[in-house]
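Protein chains: 2
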Amino acid sequence: MSGGGLRRESPNEEWKLREKPRESDAAAVRSIVESTGFFHPYEVDVAEELIVERLRKGPSSGYHFVFAMLDGETIGYACHGPIACTQCSHDLYWLAVASPQQGKGLGRRLLGETERRIATMGGRRVYVETSGRPQYAATRTFYERCGYRLEATLDDFYAPGDSKCVYVRVVDAGWAQAKQ
Amino acid sequence: MSGGGLRRESPNEEWKLREKPRESDAAAVRSIVESTGFFHPYEVDVAEELIVERLRKGPSSGYHFVFAMLDGETIGYACHGPIACTQCSHDLYWLAVASPQQGKGLGRRLLGETERRIATMGGRRVYVETSGRPQYAATRTFYERCGYRLEATLDDFYAPGDSKCVYVRVVDAGWAQAKQ
Chain A
155 MSGGGLRRES PNEEWKLREK PRESDAAAVR SIVESTGFFH PYEVDVAEEL IVERLRKGPS
215 SGYHFVFAML DGETIGYACH GPIACTQCSH DLYWLAVASP QQGKGLGRRL LGETERRIAT
275 MGGRRVYVET SGRPQYAATR TFYERCGYRL EATLDDFYAP GDSKCVYVRV VDAGWAQAKQ
Chain B
155 MSGGGLRRES PNEEWKLREK PRESDAAAVR SIVESTGFFH PYEVDVAEEL IVERLRKGPS
215 SGYHFVFAML DGETIGYACH GPIACTQCSH DLYWLAVASP QQGKGLGRRL LGETERRIAT
275 MGGRRVYVET SGRPQYAATR TFYERCGYRL EATLDDFYAP GDSKCVYVRV VDAGWAQAKQ
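Respectively, the protein sequence lines represent chains A and B.
The opening residue of the first sequence carries number 155 in this note's numbering; numbering runs sequentially from there.
The opening residue of the second sequence carries number 155 in this note's numbering; numbering runs sequentially from there.
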């Protein structure tokens, strides 16, 4: 990844990534998202709905996941999917790391793996939407340092004074192999 | 509506608008959207899926409709809904008029009624997404003349060379009564 000024962390050998969802992931997702203290209760509900939908419908749900495990426990995850009626655009719906595991580079690892899987699926553009509010400054900086470009800002989208920032990163077919 | 240079049409007294979906609307929606000759088959499928979802789940589907009738036949419709995790933003998902009924002001009538209903539901921002391709020029001009402002353009969103244009119009509580 073109991490620019991003601090280089040595990858944690103990993290195991997996794609296949398990029944227990509904509770795991809720626990991870809640632990961040960052999301409204209705946002936590939406996060859980996506994994429940995936467990119910399988890949045809349009929701795909990467889970990070440490010592048998699920400690972070990403959720992405192709955007309907587009040829090769994908949304990154969620990226969250359990509070005690933050600051160790796991978010970046999950993001890189998600981009690789999107490229493998034929995706070429990864979109991330986040808030323009001050408390999301670290989130925006994270994506900018991971190679994402702010493409649009929709004023007052989430609420008056709370804009939506749309970031994009272009990935290519070579990533399917190269980004492992 | 602040129609600017929009041609003033006298409202057609024979159009009847209704909100409540019927079982027959799945076929009606497909027929209307297909008749325009404007959409890919997979887009027609998506249009039908939204009304099927609404018929199955009711208002909790998040999809709301305005149908236009003429002589007992459904000849146009709009589909809108609140955007999850926003306070008062709504998406206009679909607005389509059967081919033989176009050019008579029904699209504008359906749009005005949809905006009034969104305002009644507490919505304050109406978002419309459309393509930047040349064949969508008339669509973009329609929304611009109906008071919509281009807020963002996402390059290559739908496909390489096919951008997404995001339009927005702000509505207010007064519209709930005034725009009938």
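What the hints contain is simulated information worked out from the structure, not anything from laboratory work.
One or more hints might be untrue.
Which copy? The list can't say, so a pair holds if one copy fits it or any two copies do.
In silico SDA-like links for lysine to any residue, alpha-carbon gap of 25 Å or less [to be verified]:
#1 LYS211 x LEU224
#2 LYS258 x GLU188
#3 LYS258 x GLY315
#4 LYS258 x GLU168
All values derive from a computational prediction rather than experimental measurement.
Item to complete: Please flag the earlier hints that this structure goes against, numbers listed from lowest up.
Response: Of the numbered hints given earlier, those the structure breaks are 1, 3, listed in rising order.
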